[in-house]
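**Student:** Start from chain A and add chain B according to the hints.
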Amino acid sequence: MKTNYNFWYLLTLLVLLFQGCQTDDNITPEDIETLPRQTVTTVEGLYLLNEGNMGSNKASLDYYDYETGNYRRNIYSQANPEATLGLGDVGNDIGVYGSKVYAVINNSNKIEVMDATTSKRLKVIDVKNCRYIIFANGKAYASAYDGEAQLGDNSPNGFVAEIDTTSLNITRTVKVGRQPEQMAVVDNKLYVANSGGYSPPNYERTVSVIDLKTFTKTKDIDVAINLHQLKADEDGDIYVSSRGDYYETPSKLYVIDTKTDKVKKVFDIACSSLSIVGNKAYIIGSEFSYTTFDYIINYSMIDVKTETLLEEKFLPKTVSDAIKTPYGLAVDPASLNVYITDAGDYVSPGKLYCIEPNGNLKFTVTTGDIPAHIAFKLK
Amino acid sequence: MPLCKLRLHGGFVLFVWILFTNLLCAQANLPVHQKEQDSLKPHHLSEVIVSTSKREFKVASPMPVQILSGKQLEKLNSLSVADAIRYFSGVQLKDYGGIGGLKTINVRSLGSAHTAVFYDGMSISNAQNGQVDLGKYSLDNIEAIELYNGQKSTIFQPARGFFASNTLYLRSKTPEFIAGKNTNIQTTLKTGSFGLFNPSLLFQQKISAKFSLTASTDWTKADGKYKYRYQKNNGYDTTAVRQNGDIEAFRSELTLHAQLNPSTKASLKAYFYDSERGLPGAIVANNYEHFQRQWDRNFFVHGTIQSSFAKKFELLANLKYSKDYSRYIDPDYKTLKGALDNKYYQNEFYASVVSLYSINSWWKTSLATDFSINTLDANLYRFPYPTRYSYLGALSSEMNWNRLDIQVNLLGTYIDEQVKYYQQGDSQRIFCPVLSASFQPSNNKNFRIRAFYKESFRLPTFNDLYYTFIGNSSLKPEFTTQYDFGSTYIIEPKKFLQSASFQADVYYNRVKDKIIAIPSTNLFRWTMINLGEVDIRGAEINTNFVFKLPSQVFLDLGLSYTYQKAIDITPNSSTYKNQIPYTPINSGTLTAAINWKNWQMNYSFMYTGERYSQKANIAVNYVQPWYTSDMAVNWSGKLAHLPVKIGAEVNNFFNQYYDVVLNFPMPGRNYRLNIALNF
Chain A
4 MKTNYNFWYL LTLLVLLFQG CQTDDNITPE DIETLPRQTV TTVEGLYLLN EGNMGSNKAS
64 LDYYDYETGN YRRNIYSQAN PEATLGLGDV GNDIGVYGSK VYAVINNSNK IEVMDATTSK
124 RLKVIDVKNC RYIIFANGKA YASAYDGEAQ LGDNSPNGFV AEIDTTSLNI TRTVKVGRQP
184 EQMAVVDNKL YVANSGGYSP PNYERTVSVI DLKTFTKTKD IDVAINLHQL KADEDGDIYV
244 SSRGDYYETP SKLYVIDTKT DKVKKVFDIA CSSLSIVGNK AYIIGSEFSY TTFDYIINYS
304 MIDVKTETLL EEKFLPKTVS DAIKTPYGLA VDPASLNVYI TDAGDYVSPG KLYCIEPNGN
364 LKFTVTTGDI PAHIAFKLK
Chain B
3 MPLCKLRLHG GFVLFVWILF TNLLCAQANL PVHQKEQDSL KPHHLSEVIV STSKREFKVA
63 SPMPVQILSG KQLEKLNSLS VADAIRYFSG VQLKDYGGIG GLKTINVRSL GSAHTAVFYD
123 GMSISNAQNG QVDLGKYSLD NIEAIELYNG QKSTIFQPAR GFFASNTLYL RSKTPEFIAG
183 KNTNIQTTLK TGSFGLFNPS LLFQQKISAK FSLTASTDWT KADGKYKYRY QKNNGYDTTA
243 VRQNGDIEAF RSELTLHAQL NPSTKASLKA YFYDSERGLP GAIVANNYEH FQRQWDRNFF
303 VHGTIQSSFA KKFELLANLK YSKDYSRYID PDYKTLKGAL DNKYYQNEFY ASVVSLYSIN
363 SWWKTSLATD FSINTLDANL YRFPYPTRYS YLGALSSEMN WNRLDIQVNL LGTYIDEQVK
423 YYQQGDSQRI FCPVLSASFQ PSNNKNFRIR AFYKESFRLP TFNDLYYTFI GNSSLKPEFT
483 TQYDFGSTYI IEPKKFLQSA SFQADVYYNR VKDKIIAIPS TNLFRWTMIN LGEVDIRGAE
543 INTNFVFKLP SQVFLDLGLS YTYQKAIDIT PNSSTYKNQI PYTPINSGTL TAAINWKNWQ
603 MNYSFMYTGE RYSQKANIAV NYVQPWYTSD MAVNWSGKLA HLPVKIGAEV NNFFNQYYDV
663 VLNFPMPGRN YRLNIALNF
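One line per chain: the protein sequences are A and B, in this order. So the mapping is simple: our numbering equals the position in the first sequence, first residue as 1, plus 3. So the mapping is simple: our numbering equals the position in the second sequence, first residue as 1, plus 2.
Hints were generated in silico from the structure; no laboratory data involved. Source: prediction; values computed, not measured. Honestly, I wouldn't trust all of these hints.
Derived DMTMM-like pairs: lysine to aspartate or glutamate, alpha-carbon spacing no greater than 20 Å straight-line [what the hints assert, rightly or not]:
| no. | chain 1 | residue 1 | chain 2 | residue 2 |
| --- | --- | --- | --- | --- |
| 1 | A | K131 | B | E291 |
| 2 | A | K126 | B | D239 |
| 3 | B | K234 | A | D34 |
| 4 | B | K516 | A | D297 |
| 5 | B | K234 | A | D28 |
| 6 | B | K478 | A | D297 |
| 7 | B | K229 | B | D661 |
| 8 | B | K234 | A | E33 |
| 9 | A | K131 | B | D332 |
| 10 | B | K234 | A | E85 |
One chain only, chain A, in its complex shape:
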């Protein structure tokens, strides 16, 4: 049986040889691209959160530094090699408050709190199916869809959690409508848009109003179905978008007067992304129609003082023609540069464009998958 043993020795050797073939699995390092610099005034840089397709665990964070012009792609893992499985799945919102940056990672059910300068993790706050985050009076407020219902359960509501920004603990929560989205704080009241997107055609129609002192819901303002974007202007007016039902009911933009807590104006424009800086609102309207299977994209501006639609375009035609899937939008409050992202086909890296107020395209840079949310780091 000598031949037997020889064969098995050889085989074992071969097998062991193969085992050593696997390449090292290293943390993917960040990569840096040098872009044009910008003058540092009150703003010294911006964070861009890439959502990543659901289930891919590819939410990623980029940072653009104004002084050096360095655009650093995918900085989280290199800064936090010990963070198990990285940043997470579906980065849904980002905000900078004080010395910390807060990233809301929706499908990882967490808010990742990092140091705004080093991007190192400070804390992970567990919030089930979290959506958006805003800040006021030393507190952070996060909206969440919630989860883990039972069959036939009668509590489909989401909630808003109040987080103390020093201790980074959740202090209070309040139940709001179904599948709550964006929020704004005006006069010690928190306004949150309810979408009800999980139960079509029974979408939610209201904006819930929460008194910040007692942290209870005081009223629901009836607006329109499937509410999503919600931003406040300097006069305390709330702009809220309705996504419609994607078939017969189109998307529209509503204005709420927070003194009366009633809708005072409607704009017949689609609004998928909204940013208000100074007197102007910048809007991306990207409406998909299931009847034509195509997008209708428009870019609009509104004067928020007079509440009128402006003729102005904030993008030059070369850029609006180049963008396939406009997704994220932010305006630098100091320089008024417009940052807009193109999510492309959702499964490949996207692009970030920077346009100056005179319409000049300052730079274009490749980002992660689905670049979406921008937060400015103040000096």
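**Tutor:** Only chain B this time, still in chain A's reference frame:
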């Protein structure tokens, strides 16, 4: 009568007429039993195969085929059909992990919906999602698994057998009775890791000279728990246990076989499957527990009859009715009625008639006509309740000479889509030609070269067309074109080297109008469109050696290697010329078995090269290559005068942690004990 209705009724009338004329013609002649001559005789399996080697190689087949049957199948450490198929070349198995995880195959990068699965000659399909979960088919009563690139090289098969780009044939065990024994019983028990408990029973009874009965049933229960690990160099290192991967499944089949007279045989089968499983979900940061659950229930009844007349005519008829029920619950998706609770009900009625006519000694033609009705009901918002009427026809001609075989097929189909509400899909009229040939260049009968050209398509599934917010009712079918050139060579020196078989193929495939998902309103909403184009170039090599070592020891060695370059050539794509997702450039398998008297030891090794999880071939999408080694020891003998086989397996022997699909971890080292008793 309006024109469209005329076409519909005309089609059906034509089908019925064909049915009738076939039967009438057939009965006009006296039934005489025919003697098989050449190796391509369709209804008896007498192709030239070398059965002493580990794997069968069909030398004369114009379409490349890989076969795992009988003893060879039993030797592999395989629980289900999906596990066994991994050893074929050109196959990418998408495995979501564990026993209950979904397992689908993708042959030559054409896409998993392009492989048709046949069970005892009847196609198993799922009109709703186009996927057949091969993990559901236990190997306990499977006699052979055959994978054909192109189609099975017989012109005597239902029309559906010709249409898919690749076909997978599963054949269950036909009863064989030795003299004096009218009952065969085999009970097996499998147990081991994942909390697996899987008893099964196979019962074969000879009722009379003409009739026999097979009953096969098995029950699977597993908790699906296994350890997995994710780590990075100088980074995190986490080990956890897979949750929500449990499964409980019950399968039962009853088949009546009849050899009515020397030239006519028939069978009637009833099949039932019922399962409940947890869906373990993608492992992402901070989210390791999942709560989604799925129930599946399938039932079908299938009758077939095959007859030959006067050495000239042969007839094959098939009739099938099947019902499928599926339920999906997601507690994390809170609707007004609580957790999301989706229910799907499918029905299929299928009828097929094939008639074969031998014009002379070297020329045969056949006409296959199939008709099927598929319906889907679901409790979804804005659901159209579709019904699909499919008319398939295949006209074939086969010429067999001494050293050359040529087969030509002309396939035609008419698909009529109807819905109760909203918009129906477009009806389709498609014609596809197929050409294949096999040539023996020298005097050696065991060396042949072959080539084929095939056009085929796959229809959009009901999900592609109608699923709320995602479906697109104006989708066109996906089309594929395949070119293949290869050869098979077998030698049988019968010395130290008993036999050696080689099969090599190079191919070029193209996929057009590939159905892909694109973003629509936001991240949670996608929609389907025909956009992709893929260019695929590949080569496959399969070899098998049998060595006779001293002391009556036999060594079986099999090697296979696949090279594949499948790139995205969609116009204006941001990932133009990138390798498409989950397609490794290099992959291969090695299987070795040593037989000595009634002992047997196996070793299997599988390698899948590096690949990318998404379209862009960049570092963040890179997925590590993986390889596993499986070992087993089997002993067959007698226990209390009863033939018994006992086997012990260790799978993933070196405990490698890996993902086939990114973020769906596979089990590390796991064990299984198999006991089989024969009465």
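**Student:** Could you run down the list of hints and mark each one as holding or not?
**Tutor:** Hint check results:
Between A:K131 and B:E291 the alpha-carbon distance is near 12 Å, which keeps this suggested pair within the 20 Å criterion. Taken as a hint, the A:K126 and B:D239 pair is honoured in the structure, with Cα atoms around 19 Å apart against an allowance of 20 Å. Distance check on the hinted pair: B:K234 and A:D34 sit about 18 Å apart at the alpha-carbon level, within 20 Å; holds. About 18 Å separates the Cα atoms of B:K516 and A:D297, which keeps this hinted pair within 20 Å; it holds.
Restraint check: the Cα-Cα separation between B:K234 and A:D28 comes to about 6 Å, which is no more than 20 Å; the hinted pair holds. Using a Cα cut-off of 20 Å, the hinted pair B:K478 and A:D297 holds, with the two alpha carbons roughly 17 Å apart. The suggested pairing of B:K229 with B:D661 holds, with an alpha-carbon distance near 13 Å, which does not exceed 20 Å. For the hint linking B:K234 to A:E33, the alpha-carbon distance of about 15 Å falls within 20 Å, and the restraint holds.
Between the alpha carbons of A:K131 and B:D332 the distance comes to roughly 15 Å, so the proposed pair stays at or under 20 Å and holds. At most 20 Å may separate the alpha-carbon atoms for a hinted pair to count; B:K234 and A:E85 meet this at roughly 9 Å.
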